[in-house]
Amino acid sequence: MSTTLIRRDLPVLIIALFGWGIVAELFVPWPVLTQYKNFMATFTTIMGNAAFGIGTFYGVTAEYNMLKRNRTLPQFIVSGSFFAMLIMVVGVSFIYGFPNAVLGNEYKWFTYNFYTWQAQAQYGVMFLYQCGAVYRVLRLRSMETIVISFCGLAFILRSIPLFVSFIPGVMELGDWVVGAPSLGGTRAATLTTSIGSLVVGLRALIGKEQTTLEVR
Amino acid sequence: MQQEAKQKDIWDKLGTIDYRYIYVTFIILMFIPILSPLGIPMKVGPTTQAYYNTINDLPKGAAILFHNWVSLDIWSDNGPVLIVTGKVLWRIPQDKDITIIMYQSTSDGAIKMKDLLVADLKPPQWRLDTYGKTWVNFGYQLVYYSELTFGATAADMTSTCKADIYNTPTMNIEACKKVAAKAPPYDVLNAYDFDLFVFGSWGCTDPDVVVRQWWTGGAPPYRLPILFMTIGNCVPNAMPYYGPTNAIKAFIPGAAGAAELELLTGLKGEGTKMADITDLGGIGTLIFFAIGNVAFFGKRFFGKKEVT
Numbered sequence: 001m002s003t004t005l006i007r008r009d010l011p012v013l014i015i016a017l018f019g020w021g022i023v024a025e026l027f028v029p030w031p032v033l034t035q036y037k038n039f040m041a042t043f044t045t046i047m048g049n050a051a052f053g054i055g056t057f058y059g060v061t062a063e064y065n066m067l068k069r070n071r072t073l074p075q076f077i078v079s080g081s082f083f084a085m086l087i088m089v090v091g092v093s094f095i096y097g098f099p100n101a102v103l104g105n106e107y108k109w110f111t112y113n114f115y116t117w118q119a120q121a122q123y124g125v126m127f128l129y130q131c132g133a134v135y136r137v138l139r140l141r142s143m144e145t146i147v148i149s150f151c152g153l154a155f156i157l158r159s160i161p162l163f164v165s166f167i168p169g170v171m172e173l174g175d176w177v178v179g180a181p182s183l184g185g186t187r188a189a190t191l192t193t194s195i196g197s198l199v200v201g202l203r204a205l206i207g208k209e210q211t212t213l214e215v216r
Numbered sequence: 001m002q003q004e005a006k007q008k009d010i011w012d013k014l015g016t017i018d019y020r021y022i023y024v025t026f027i028i029l030m031f032i033p034i035l036s037p038l039g040i041p042m043k044v045g046p047t048t049q050a051y052y053n054t055i056n057d058l059p060k061g062a063a064i065l066f067h068n069w070v071s072l073d074i075w076s077d078n079g080p081v082l083i084v085t086g087k088v089l090w091r092i093p094q095d096k097d098i099t100i101i102m103y104q105s106t107s108d109g110a111i112k113m114k115d116l117l118v119a120d121l122k123p124p125q126w127r128l129d130t131y132g133k134t135w136v137n138f139g140y141q142l143v144y145y146s147e148l149t150f151g152a153t154a155a156d157m158t159s160t161c162k163a164d165i166y167n168t169p170t171m172n173i174e175a176c177k178k179v180a181a182k183a184p185p186y187d188v189l190n191a192y193d194f195d196l197f198v199f200g201s202w203g204c205t206d207p208d209v210v211v212r213q214w215w216t217g218g219a220p221p222y223r224l225p226i227l228f229m230t231i232g233n234c235v236p237n238a239m240p241y242y243g244p245t246n247a248i249k250a251f252i253p254g255a256a257g258a259a260e261l262e263l264l265t266g267l268k269g270e271g272t273k274m275a276d277i278t279d280l281g282g283i284g285t286l287i288f289f290a291i292g293n294v295a296f297f298g299k300r301f302f303g304k305k306e307v308t
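Residue numbers (this note's numbering), protein chains in the order written: chain A, 1 to 216; chain B, 1 to 308.
Since the hints were derived computationally from the structure, they do not count as laboratory data. You can trust all of the hints, since none of them are fake.
Derived pair list, reagent style DSS-like, types lysine-lysine, alpha-carbon separation capped at 30 Å:
1. K182(B) to K133(B)
2. K108(A) to K268(B)
3. K87(B) to K268(B)
4. K273(B) to K108(A)
5. K178(B) to K122(B)
6. K208(A) to K37(A)
7. K96(B) to K182(B)
8. K37(A) to K162(B)
9. K96(B) to K122(B)
10. K182(B) to K60(B)
11. K37(A) to K182(B)
12. K178(B) to K60(B)
13. K177(B) to K37(A)
14. K122(B) to K43(B)
15. K87(B) to K108(A)
16. K178(B) to K37(A)
17. K122(B) to K108(A)
18. K162(B) to K108(A)
19. K122(B) to K60(B)
20. K178(B) to K133(B)
21. K96(B) to K60(B)
22. K162(B) to K96(B)
23. K60(B) to K133(B)
24. K108(A) to K114(B)
25. K133(B) to K177(B)
26. K114(B) to K162(B)
Please read these numbers as outputs of a predicted model, since none were measured by experiment.
All chains, full assembly: derive it from the sequences and hints.
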């Protein structure tokens, strides 16, 4: 068997065979197709989890390779924390088994005392970056930035209870910005991405979409 | 050719403030309400009022599908919304005979909801006494693992929700049988049987998905009204579907929206505390926006011209 057949043609054939059945269910009111779609929903969940597991494996090996390439103190700290957390979580999972592991007190302690705080810190840091970006980027130097600034400010003011309470019209202005110009823009973006997704999906189903083919 | 060494004037300095000063300023501003709540007044917006009215105006015997939206990484924004919504649902009087079926779709939710249901979101005693008859908790289910599973759940809940947290098969639960009997097919629990779907997400493309699968999906279309719990960033994505005759009847945008709902219902919680933080963070944003533009226009109109 040629490499092209295994790496390109066969995957495209499998995608087409399974994918067209799901598309057909939208247009053909046949109970067998609905049962097929529901079965595929479960099957893709299984495949998705398998892909996640494979991706996790590659992520771990990539972190190890990074540590081998870059033997500095900061890298040891970063990679060391990563592997320490990984060993701790995997250890708990294997000791207690699934689903007891994620429902047990150890996993809950890890979730509340490590994961929640560091994840919220990441979310909070993102806010700081956004504030810095507002300062640096939102300068009224062109018509586009003036419009963006006006709409952004209207929405920010609407979101701040202090201004809504004391300045009349702030709530109405913010709601109008979200409900009129922003709505038009969102609808335009949704239509564009929907049509684009449809085209990419159909091209993938017939094996013509280059971005989904590993082999040309 | 002579070149003057470029010296930074006041406008350059204003326009290139070190980011560290900006970050420290914001951290201080947002820390103040944590030390001492300010109690800045608030106003209830029309979407929050609509959110509350949609729940209160449900007819007798209605069925609510309640997605327990838990994301611990944004719990400061998500938590107040979920908790105040849950409290409003638990406050529905017993004589309205409203059935609530809930599920979680994240592993965070599986962990957090167990704790919430004995604390902040503890059901009233009459609900606890009638578990399985007036409410059901399916626990962590792969309802929205993908759009396929989401659509499959709308068509038949048992495709993803096989049993509740006590391992009772779905169609053996009295509440599920009662809800399934509301619309044909009478032995299948699907989107046709519910009167309201309270759904939460901070994925800004999720309004498209939930409307596609639970409003326009099905033949004939389900037309299941949706209340959307989300964060402020995703409000523009929900707007195309918002309206009294549209799919999304109302939405709650993060802690600020939760604060409004807490004010409306008198159920004080974390949202009200977060409102002060939002206020000061927003003020800081406006101040630095103004500084940046003062620097820009000052440089443009009053700045020294370079001589080469």
